[in-house]
Amino acid sequence: MGTKKLDGLVEAVRYGPDGDIVAVRMYERRGPTYSDSKIISREELVKRLKKGQTIVAGERKMYLASTFQVRFPIRLAGEKGREKLVTTQETPPPHDQLDGVPVF
1 MGTKKLDGLV EAVRYGPDGD IVAVRMYERR GPTYSDSKII SREELVKRLK
51 KGQTIVAGER KMYLASTFQV RFPIRLAGEK GREKLVTTQE TPPPHDQLDG
101 VPVF
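Under the numbering used here, residue 104 is the last one in the sequence shown; the count climbs by one each step, no gaps.
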């Protein structure tokens, strides 16, 4: 990711019966550090990505506070108004797909 600061890091996801995300557990940047983990809805995550925030999938390194193992950037893909949340560069799947992110 280079030197660009992250606005948030998603560490776990919850999918609904239709395969789309219901909520994610994430850390968000608060100045020079990050918040405790918080749960936000799919709609809130989409809104943040549309505002241009840099949000990635990864995990917090144990005992190292605001230090993370970054895996993949999360992006919106597909038709406007029907975007899907993905971590791959491939053709958008018919539902949200965050590869490598554990389910909670």
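One or more hints might be untrue.
Claimed, not checked - Straight-line Cα separation of at most 25 Å, PhoX-like style, residue types lysine-lysine; simulated pairs:
hint, residue 1, residue 2
1, LYS84, LYS5
2, LYS50, LYS38
3, LYS51, LYS80
4, LYS80, LYS61
5, LYS5, LYS38
6, LYS84, LYS61
7, LYS51, LYS84
Unchecked claim - Simulated restraints, written as ranges between beta carbons of each label pair:
hint, residue 1, residue 2, range
8, PRO94, LEU64, 33 to 41 Å
9, ASP36, GLY78, 30 to 38 Å
10, PHE104, GLU83, 35 to 43 Å
11, PRO94, ARG14, 31 to 39 Å
12, ASP18, SER66, 19 to 27 Å
13, SER66, THR91, 18 to 26 Å
14, VAL22, GLU90, 22 to 30 Å
15, ASP36, GLU79, 15 to 23 Å
16, PRO93, ARG30, 28 to 36 Å
No lab work stands behind these hints: they were computed from the structure.
Positions of the beta carbon are idealized from the N, C-alpha and C atoms, including for glycine.
Now the hints, each set against the structure:
Note on LYS84 and LYS5: the hinted pairing holds, with a Cα-Cα distance of about 24 Å set against a maximum of 25 Å. Restraint check for LYS50 and LYS38: the C-alpha separation of about 20 Å stays at or below 25 Å, so the hint holds. For the hint linking LYS51 to LYS80, the alpha-carbon distance of about 15 Å falls within 25 Å, and the restraint holds. Between LYS80 and LYS61 the CA atoms are separated by roughly 35 Å; this puts the pair beyond 25 Å, and the hint is violated.
A hinted pair counts as satisfied when its Cα atoms are at most 25 Å apart, and LYS5 with LYS38 qualifies at roughly 19 Å. This hinted pair does not check out: LYS84 and LYS61 have alpha carbons roughly 28 Å apart, beyond 25 Å. With a C-alpha separation of about 16 Å, the suggested pairing of LYS51 with LYS84 holds against the 25 Å cut-off. Our hint of 33 to 41 Å for PRO94 and LEU64 holds, since their Cβ atoms are close to 38 Å apart.
The hinted range of 30 to 38 Å is satisfied by ASP36 and GLY78, whose Cβ atoms lie roughly 32 Å apart. The hinted window of 35 to 43 Å between PHE104 and GLU83 is violated, with their beta carbons roughly 23 Å apart. Between PRO94 and ARG14 the beta carbon distance is about 18 Å. The supplied range of 31 to 39 Å is therefore violated. Against the hinted window of 19 to 27 Å, the Cβ-Cβ separation of ASP18 and SER66 comes to about 34 Å, which falls outside the hint.
Distance hint check: the CB atoms of SER66 and THR91 are about 35 Å apart, inconsistent with the given range 18 to 26 Å. For VAL22 paired with GLU90, a C-beta distance near 23 Å keeps the hint of 22 to 30 Å intact. At roughly 35 Å, the beta carbons of ASP36 and GLU79 sit outside the given window of 15 to 23 Å. A hinted range of 28 to 36 Å holds for the C-beta pair PRO93 and ARG30, which are about 33 Å apart.
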